[in-house]
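Model the full structure from these sequences, guided by the hints.
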Amino acid sequence: MSQAPKPEELLRVSHIPPKKDWMDPRVDLVPGTWGYPGKASSLETLGLPNPRDWNPTDEDWKLPPNWKEIIHEGLKERLEKYRSLKVFMDICVRCGACADKCHFFIGSGDPKNMPVLRAELLRSIYRKDFTTVGRILGAFAGGRELTEDVIKEWFYYFHQCTECRRCSLYCPYGIDTAEITIVVRELLNLIGVNIDWILGAAANCYRTGNHLGLEPHTFKGNIDFLVDDIEEYVGIRLNPTFNRKGAEILFIAPSGDVFADPGIFTYMGYLMLFEHIGLDYTISTYASEGGNFGLFTSQETMKRLNSKMYAEAKRLGVKWILGGECGHMWRVLHQYMDTMNGPADFLEVPKSPLTGTVFDNAKSTKMIHIVEFMADLIHHGKLKLNPKRNDYLRTTWHDSCNVSRGMGMFEEPRYVLKSVCNNFFEMPENTIREQTFCCGGGTGLNAGEFEYLRMMGGMPRAFAVKHVQEKHDVNRLVNVCALDRAILPPLMDYWAPEVSVSGLTELVANALIMEGEHDRPTDLRGEDIPGLEGDE
Amino acid sequence: MAVWYSLLLVLGMSLFVYLGAGLLGLQAIFGIVIPYAAILVFLIGFTMRVLGWAKSPVPFRIPTTAGQQKSLDWIKPSTVDSPYTTWGVVGRMAMEILLFRSLFRNTKAEITEGKLAYGSNKWLWLGGILFHYTFLTIVIRHLRFFTEPVPYFVQALESIDGMLQIGSPVIYQTDVILVAALLFLLVRRLASPQLRYISLPADYFPLFLILGIALSGIMMRYFAIFKVDLMSVKVLAMGLATFNPTVPEGIGVMFYIHLFLFSMLLAYFPFSKLMHLGGVFLSPTRNLPNDSRMVRHVNPWNAPVKVHSYEHYEDDFREKMIEADLPVEKQA
Chain A
1 MSQAPKPEEL
11 LRVSHIPPKK
21 DWMDPRVDLV
31 PGTWGYPGKA
41 SSLETLGLPN
51 PRDWNPTDED
61 WKLPPNWKEI
71 IHEGLKERLE
81 KYRSLKVFMD
91 ICVRCGACAD
101 KCHFFIGSGD
111 PKNMPVLRAE
121 LLRSIYRKDF
131 TTVGRILGAF
141 AGGRELTEDV
151 IKEWFYYFHQ
161 CTECRRCSLY
171 CPYGIDTAEI
181 TIVVRELLNL
191 IGVNIDWILG
201 AAANCYRTGN
211 HLGLEPHTFK
221 GNIDFLVDDI
231 EEYVGIRLNP
241 TFNRKGAEIL
251 FIAPSGDVFA
261 DPGIFTYMGY
271 LMLFEHIGLD
281 YTISTYASEG
291 GNFGLFTSQE
301 TMKRLNSKMY
311 AEAKRLGVKW
321 ILGGECGHMW
331 RVLHQYMDTM
341 NGPADFLEVP
351 KSPLTGTVFD
361 NAKSTKMIHI
371 VEFMADLIHH
381 GKLKLNPKRN
391 DYLRTTWHDS
401 CNVSRGMGMF
411 EEPRYVLKSV
421 CNNFFEMPEN
431 TIREQTFCCG
441 GGTGLNAGEF
451 EYLRMMGGMP
461 RAFAVKHVQE
471 KHDVNRLVNV
481 CALDRAILPP
491 LMDYWAPEVS
501 VSGLTELVAN
511 ALIMEGEHDR
521 PTDLRGEDIP
531 GLEGDE
Chain B
1001 MAVWYSLLLV
1011 LGMSLFVYLG
1021 AGLLGLQAIF
1031 GIVIPYAAIL
1041 VFLIGFTMRV
1051 LGWAKSPVPF
1061 RIPTTAGQQK
1071 SLDWIKPSTV
1081 DSPYTTWGVV
1091 GRMAMEILLF
1101 RSLFRNTKAE
1111 ITEGKLAYGS
1121 NKWLWLGGIL
1131 FHYTFLTIVI
1141 RHLRFFTEPV
1151 PYFVQALESI
1161 DGMLQIGSPV
1171 IYQTDVILVA
1181 ALLFLLVRRL
1191 ASPQLRYISL
1201 PADYFPLFLI
1211 LGIALSGIMM
1221 RYFAIFKVDL
1231 MSVKVLAMGL
1241 ATFNPTVPEG
1251 IGVMFYIHLF
1261 LFSMLLAYFP
1271 FSKLMHLGGV
1281 FLSPTRNLPN
1291 DSRMVRHVNP
1301 WNAPVKVHSY
1311 EHYEDDFREK
1321 MIEADLPVEK
1331 QA
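Protein chains in written order, with the working numbering: chain A, 1 to 536; chain B, 1001 to 1332.
Some clues are possibly wrong.
Calculated cross-link-like contacts (lysine-lysine; reagent style BS3-like; alpha-carbon spacing at most 25 Å) [claimed, not checked]: (1) B:LYS1115 / A:LYS6; (2) B:LYS1108 / A:LYS19; (3) A:LYS351 / A:LYS382; (4) B:LYS1108 / A:LYS112; (5) B:LYS1273 / A:LYS112.
None of these hints come from the bench; they were simulated from the model.
Here is the structure:
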């Protein structure tokens, strides 16, 4: 926590804008609020323009000589490709309903983090270069000249947006800042301006299949470690298969769950669940990442990374695809995959081999969410559960932005959570479900050097947790997103210490009564379960 | 600054009409030429803008889901907030356009005593909806000038609007509410430091313009010194409506100011944020069903991309895969 000040200091945030006019693009690169630039090698792997060594604090960002033309042409092209962009550029009335809906504005007080103004950073250029009134009247019509300072401002503020879409919910016209952020990041990528936490991850996904850059043997090896842990804590040896042709189902999870604590406990949960129900599934090392860092790079990169899922399903000859717990992975799978890389006519409509339920809501993509799958299993009584094992947990539910506002999954996870855990408490209503707050680090803003801003941006989420912590002694924040599992633990340490974080399947597996298991006095983390001695 | 510019602009326009139509007697220009030109600009401009938007495709389904998706049979889907049928979308759009549903959700976030609190905040919704509905009512009421006989619904609307029977001529509630709502929207922009910060001249100008239209209308209806000859106004309006324009003598100058400001509003409309009237119908986060996993949608510009195929992947890692007992397509 090197860069972030003490919580009390952050709380003194002022929401009164400064005297300086927002049209002045010059930004102060406050340490801890921006990410390190994309490495040349990552850009080369992906074949992206302008690979070079540079630093945001340098005066000269080494932009290509014709950068202005590139941005202009790029914006023109995107206005023709996306109605959303064109309409959103034209119809904002600056009513301000979105202003205090952004977690980064609430946390930082920086007025350029008001969604309306964030969009205006692009809109002012659009007005100047693409509208008659703006060309003639300039600043009077809200137009600004495109300068290098504007590029630097874009870099700064469009990497202070997590594309969580909370603002879009409140906008009377549904203006979605995520759409605008996506486009500006695409434009910045055209001239080689990006951050390494996104570009490095995207390059790794492209080369090895997962964002950590785990090569096939290491990927398998990591899962073998989890198998060892399960054997130790549960007493059962599992044998997951990899790249197996003819399996019924291909399972794809966010690779964060293979590698990082506490995601690994969720992955152990997946493996135990599949063993419990005897699922005929396989894991791919090639399509070993559910998360799609292309979404934060460009539409093309997103498509390139996503293509592996259908390609691998086809190669292995599976019937359908099951997806793990992840946020933006599901935004891509839900809203983009079929359109970009379909039709998946070589697959069958997902049908649960245990309950016979046909998932008509995924009859075109042929891919369902593990929480949908689990809810169906529990509803049909296919899981043997002992929720008492989770009695030491007092849980609350974090609706991850992408599966809530991008997908509409609200009830399934609550049903599963309540089935496996007796103590569940909702956070205040203006902070959950469709109004949920972002963890503050989505869209690849998970970098260490970005920690200061993350603690500010995560403040609204953390305060809602703190509320139920004080009121109901909540000690576990459950969610369904791998980035949440990475980002929320330090956020909790900072704002609401003693609240731990986990995925949903971890709790399901905790409660699962497996055939052949030994006494389980510990949870999947190897920690003693208080009050369970001699209870079973 | 922005607010003064906009106010001066509207006052200047009024003065311009006072000089032109009042002193110089150019009634034909202000009564016929400018209104026709404004209507033409409005119609062509509006159409062009909507067509311009419609020309850009919607490659992906991106509805903001504000309710439960359609999934398992025993989970109740939210048919309106996360619509998956055409009727659901129609319902969502109707609630958005007729009731300003998203704005109704508005909350206010505040940090007090180390806590972050959210309160309901429906003032903007109330001000916005009152403004829009009274403006609509007043526009419809004005049809009495352009029709003969006056349709029943216009007469009915008028008598409802004057229901309270206060004063002579009867005061329309909508006139009062419209001005109040406009003043609220204006004061709101000026009083909040954040809103003042984001407001452009283009945000104040339409407020002053509509306020100018409303006040000039009110003055000529209710204040004796600004009174205009309504029979002559109707003759002029009917002339415009039947493409047989005439300019009767003796309509007061306040009418020309009213008409000119309204003409300016029409002409300004297509080039401004006022186009949200058309744009709200085309907003992809609201007007699309949440059915992208059920139904395949086609992106018209979906172009092939370079991918890292499995074959290349295996070539890159084959030996390591064999060593780790991972199946391979080709042996080393």
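### Query
Are the Cα atoms of LYS1108 of chain B and LYS112 of chain A separated by 25 Å or less?
The hint holds at about 18 Å.
### Message
So if I understand the rule, the pair passes when the alpha-carbon distance is 25 Å or less; does LYS1273 of chain B with LYS112 of chain A pass?
### Response
Measuring from Cα to Cα gives roughly 20 Å; hence the hint holds.
### Satisfaction of hint between LYS6 of chain A and LYS1115 of chain B, Cα-Cα up to 25 Å
holds, 16 Å
### Query
Given the proposed pairing of LYS1108 of chain B with LYS19 of chain A, does the C-alpha separation stay at or below 25 Å?
holds, 23 Å
### Task
Decide if the proposed pair is consistent with the structure: LYS351 of chain A and LYS382 of chain A, CA atoms, cutoff 25 Å inclusive.
holds, 15 Å
Checked against the numbered hints given earlier, the structure satisfies every one of them.
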